[in-house]
Structure formats: structure tokens, C-alpha cells
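Please build the complex by placing chain R on the supplied structure of chain U, with the hints as guidance.
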Amino acid sequence: MLDQINGFFSIVEAMRAVDTTGVEPLPHPIATIQEVALRLRDDIASEPNQREANQRSAPAVERGLFLVPKVIE
Amino acid sequence: MTALHDMTVAALAAELRAKKINATELAQHFLARSQADTSGAFLSFNPEATLAQAKEADAQLAAGTAGPLAGVPMAHKDIFVTTDFPTTAGSKILEGYRSPFDATVVRKLGVQAGGAGMVNVGKLNCDEFAMGSSNENSAYKPVTNPWDTSRVPGGSSGGSSAAVAARLVPAATGTDTGGSIRQPASFCGITGIKPTYGRASRYGMIAYASSLDQAGPMSRTAEDCALMLSAMCGPDLDRDSTSLDVPAENFARDLNAPLDGLRIGIPKEFFGEGLAPGVRTAVDAALKEYEKLGVKLVPISLPRTELSIPVYYIIAPAEASSNLSRFDGVKFGHRTKDYTDLVSMYKRSRAEGFGEEVKRRIMTGAYVLSHGYYDAYYLQAQKIRRMISDDFQQAFKVCDVIAGPVAPTVAWKLGEKTDDPVANYLADIFTLPASLAGLPGMSVPAGFGENGMPVGLQLIGNYFKEAQLLNAAHRLQQATDFHLRQPGGAK
Chain U
1 MLDQINGFFS
11 IVEAMRAVDT
21 TGVEPLPHPI
31 ATIQEVALRL
41 RDDIASEPNQ
51 REANQRSAPA
61 VERGLFLVPK
71 VIE
Chain R
1001 MTALHDMTVA
1011 ALAAELRAKK
1021 INATELAQHF
1031 LARSQADTSG
1041 AFLSFNPEAT
1051 LAQAKEADAQ
1061 LAAGTAGPLA
1071 GVPMAHKDIF
1081 VTTDFPTTAG
1091 SKILEGYRSP
1101 FDATVVRKLG
1111 VQAGGAGMVN
1121 VGKLNCDEFA
1131 MGSSNENSAY
1141 KPVTNPWDTS
1151 RVPGGSSGGS
1161 SAAVAARLVP
1171 AATGTDTGGS
1181 IRQPASFCGI
1191 TGIKPTYGRA
1201 SRYGMIAYAS
1211 SLDQAGPMSR
1221 TAEDCALMLS
1231 AMCGPDLDRD
1241 STSLDVPAEN
1251 FARDLNAPLD
1261 GLRIGIPKEF
1271 FGEGLAPGVR
1281 TAVDAALKEY
1291 EKLGVKLVPI
1301 SLPRTELSIP
1311 VYYIIAPAEA
1321 SSNLSRFDGV
1331 KFGHRTKDYT
1341 DLVSMYKRSR
1351 AEGFGEEVKR
1361 RIMTGAYVLS
1371 HGYYDAYYLQ
1381 AQKIRRMISD
1391 DFQQAFKVCD
1401 VIAGPVAPTV
1411 AWKLGEKTDD
1421 PVANYLADIF
1431 TLPASLAGLP
1441 GMSVPAGFGE
1451 NGMPVGLQLI
1461 GNYFKEAQLL
1471 NAAHRLQQAT
1481 DFHLRQPGGA
1491 K
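Taken in sequence, the protein lines are chains U and R. Residue numbers are given in this note's numbering: position 55 of the first sequence equals residue 55, and the series is strictly consecutive. Residue numbers are given in this note's numbering: position 350 of the second sequence equals residue 1350, and the series is strictly consecutive.
In isolation and in its complexed conformation, chain U is listed as follows:
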């Protein structure tokens, strides 16, 4: 696995050599052509309570709570 990851970083070298002085990073592709603002929604409950459905795929549940190994003695 280490050889494969090192193999990958050898192709990354070409990227590090590129002069990017003054270039802004592009986090959202549409920002190439227009401003993309982060959106906030109203802080109201939009989903019904479905504890049972949400816990159906949990590895360990007891009395409606997710079980994990003891963390604090």
C-alpha cells in the first residue's frame, strides 16, 4: 500500500511546480462564472421524529439509545 501511495505522489509533483500566484482557490465549480453564496435555512424542525427507522440499522441499541463501549469509568 505504501508503494502505491508513493507512486501516486510521484504524479503529484507536476502539480506542485505550477505557478498559482494570485489565483483564488475554487471550492464550488459554479463560482467560475457567478458568485455562490452559502445558504442558511430557518432553524425549524423539518423532519418527523422517526427514531425507530433511524435505529433500525444500528449495531447496538438499548431502550432507544445507541450503545458504545464505556468511555468514562
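Everything labelled a hint here was simulated from the structure, so no lab data went into it. Don't take each hint at face value.
Unchecked claim - The calculated BS3-like cross-link candidates involving lysine-lysine, where the alpha carbons are at most 27 Å apart (straight line), are:
(1) 1465/R - 1296/R
(2) 1413/R - 1092/R
(3) 1397/R - 1465/R
(4) 1296/R - 1331/R
(5) 1296/R - 70/U
(6) 70/U - 1020/R
(7) 1347/R - 1331/R
(8) 1359/R - 1092/R
(9) 1331/R - 70/U
(10) 1268/R - 1397/R
(11) 1092/R - 1268/R
(12) 1337/R - 70/U
Small disclaimer: the values here were computed from a predicted structure and weren't measured.
Frame of chain U, contents of chain R only:
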């Protein structure tokens, strides 16, 4: 009469509306074909749920409340969460997982009120968490290509492309992060489109690289893709923070528009040394066909095409390492049986649940995001990402659509590249640039190359120009019959 499985989505929808067939018999027909399949394309079925959806579609058709594609069977890539079927993302870490909700795309295509009315036949195999280009990274089983069962179907949407090519279902969903709709469509001789980033909601689409992931349809014709894409897109502002506030469109509106005067840009970087001669011949022939249709071919340059490989393979793993941190064995998914405390439970659950390629990408991603390396790798990649996107905008000043090969070669043999992940990454060179720029792109059957395997022509449009791409694809399909050819294995 044409066999049901040889009919397109458009034809089936028309027959259903004319009451010549009903959704239940269609569901039974495609379910039987899909369940008899030996290619590995499907990961799960739930015949009871499929037939219940068909019954609902029949009721809607009878009541006159049916959506535009009511009763037409399809199948979802196992990246979309579904309440009626298990969802695994091709990973052991999600074995047996049942989602408490449906993905927005599943809801929009399905029989729920306001949906297009399509009936889900089952869940389709894919590379684990959509990481791969041959479907060999599925934790469950590989998929064989119906044109030659010793070859891969492409990936990551390999189950989708194989199932549509073998006529197990008339259409399927796929997801495209770095080419995962276009490349398997090309390898299996079908049609697939990835829309502009932000058009289709990512809600309920298990996240790999959030700034790149997009859903799209895969089917045999451009017309079918247009019909499904129209149903899949639209704002989902409260549920997907990257969803664009751009109204849904009828992408089929311009399918028949003439192409006279359309300028197709040919990037010289897509036709270099690495391109297989058979692929080049097929792509050149398709471009000639376009000239006959009145298109003007314009030479262009996308100078940073090669750089898109390291840029993509920095950004996508970085986002993946963050997205996949949610798989910790606490609230859902695999939990190891062998642990001593909470931390050992996390570590062992993840070590047991994830496959090799996923681990490689998580480690690479965590490394390039770490203190001291962030600027040199992740931020540098995001800056070059902007330069690559700007290159496209330069090109679109002199052309309307960009065309070239989808991949440098036809589908390779199973096992040929499994020990060499970098060889797999390099094969993504022609699909990565449009992914990084968030542009719509598609693959259209353009003939056959080495060993008689299918070759796809890639069409890339500017932002929000999906209708134009589908128009160009549809006109090519009216002039050629490659999309109608059937693999020998599909009977």
C-alpha cells in the same frame, strides 16, 4: 412487435399511457430478466416492493394522475439511499443497511406524489463508494461487460452500464464524480449524461467528493436521458447546501433542433499519444458525421488537461476522507466484534469494513489536508482547479460544445489493472477536466474500437447547456445506429 426489453423509455412510456401494456406486467418482465442475470450487475432485489410500485403506477395511470414516465422500469445505482431496498454503496461497511429515507433523486423519479412514476427493479453494483473506473472495487462482486465477459464494464457506475447494455432494464441512474457515468457508458456502448454541478440534488446520494458528485441518467438513447434528466433535476435548497436555485427544465425541448452552424471545439490535448488508434478512428468518424450535419469543427486547447489527474486525485480523496469519517460503527454500518474500548472499536470497524482503494484514498486525503501540507497540496489543487475551469471558459468563446474521446482506450480485461491504482487514475484523463469545472458532459455511442469493443464520444457543454448537449447527441443518433447495436450476450 418489438420485445419489451428492446423498447426505449420513451416508447414504453407511450405504450403505458395508451394502455397497451401495464406497469405490473412490465415490472414482472424486467424483474425476471434482471434476476436471471449472471453479469453481477445487481446487488439486491425486493420483488414485493417493485411490484407494489408497479401497482401504484398502474393506479395512477388509471386515475390520470400519473407522472410523465409512470410505470417505466429502471434501477438505481446502490449509491442512492432507498427505503424499499438495502443500500450498500458497494461496501461491506454498509452491508444490510436500510435507509430511513429516500434520496431526492429516488423520490423525484419514483411513484411518490409529484414523481415521474418510474418503478425500481433493484439496486445496481458499483465501485465501493464510487471509487474506481472498472467496478472491480465493489466489495461484493465484479461486473462483466456484456460485449465481452472477460472485460470490465467501466466504473464506478459499472452495474448501471452493464444492466442497460444487456437490456436488463431500459434505464438506470448513475453518479459521476470524475467520469463515473461517462466512462462506463462509453465502455458498454450506451448513452449517459452528467448535468451541471448543483443541478441534481445530492441529498441521499452517499457522498464521495461533495464538490464533484453529480447524479445523472444512463440509458440507450439521448432522448431517454433527456426525459429522465428533466425529472431528476431541480432545486432542493433545504436539503442540499450545494443545490443551485435553478428551475427544472424540459431537457427534451430542443432534441430535434438543426445543428447548422453549431461550433464543436476539438481540444488537441484529447488526441495525443496515449489515445488508442481504434478509439481515435471511431471518434474521428463521429466528428465527420457531425460535419455532414452542418457542424463546424474548431481546434481548441485545454492546456491543463494532464494536470487534472493530480488535481482531482488530491481534491476527491481530501473530501472523501472527511465524508467517510461518519462510518464509525456507532449509529449504522459494520461494527467489529473484537474491541477493547471506543477507539479500538472505531479503528477495527473501519479496518474491517473498508476495502483497499477506499483506505488508500482516505489516507491520501487525510495527509493532503494535514497541517503543513494543506497549502502545498489541497489549496494548490483548488487553485489549479480554477485555472482548469477558466481554460474551459476561454474555449467556449470560440465554440458551443467540446468533443473528444471519453477514455483513451476501450474496456480493459478484468484484473488487468487491479494491482496498479495509478494506471487506473491515468485512464480518467479525459473525463476529469469537465468534472473539476462542474460542466455538463455526456457519452454517446460512436462505434467500435479495439477488439470490437464500444467507443463513446464525449460531449462537454457550458454550464446549464444540457439541452444543447442532448440535442447534439440526439441528432448524431438519428444519423447513426451505434446506440441500437446489441451485445451478443444480451438475448
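Results of checking the hints against the structure:
Of the pairs offered as hints, the one joining residue 1465/R and residue 1296/R holds, with about 18 Å between alpha carbons and a cut-off of 27 Å not exceeded. Straight-line distance between C-alpha atoms of residue 1413/R and residue 1092/R comes to about 25 Å, which keeps the hinted pair within the 27 Å bound. Proposed proximity of residue 1397/R and residue 1465/R is supported: the alpha carbons are some 14 Å apart, at most 27 Å. Only pairs whose Cα atoms come within 27 Å are accepted, and residue 1296/R paired with residue 1331/R is rejected, the gap being roughly 56 Å.
Restraint check for residue 1296/R and residue 70/U: the C-alpha separation of about 69 Å exceeds 27 Å, so the hint is violated. For the hint linking residue 70/U to residue 1020/R, the alpha-carbon distance of about 63 Å lies beyond 27 Å, and the restraint is violated. This hinted pair checks out: residue 1347/R and residue 1331/R have alpha carbons roughly 15 Å apart, not beyond 27 Å. Restraint check for residue 1359/R and residue 1092/R: satisfied, since their Cα atoms lie roughly 13 Å apart, inside the 27 Å limit.
Straight-line distance between C-alpha atoms of residue 1331/R and residue 70/U comes to about 16 Å, which keeps the hinted pair within the 27 Å bound. Restraint check for residue 1268/R and residue 1397/R: satisfied, since their Cα atoms lie roughly 16 Å apart, inside the 27 Å limit. Taken as a hint, the residue 1092/R and residue 1268/R pair is broken in the structure, with Cα atoms around 42 Å apart against an allowance of 27 Å. Between residue 1337/R and residue 70/U, the direct Cα distance comes to roughly 15 Å. Compliance with the 27 Å bound is thereby established for this hinted pair.
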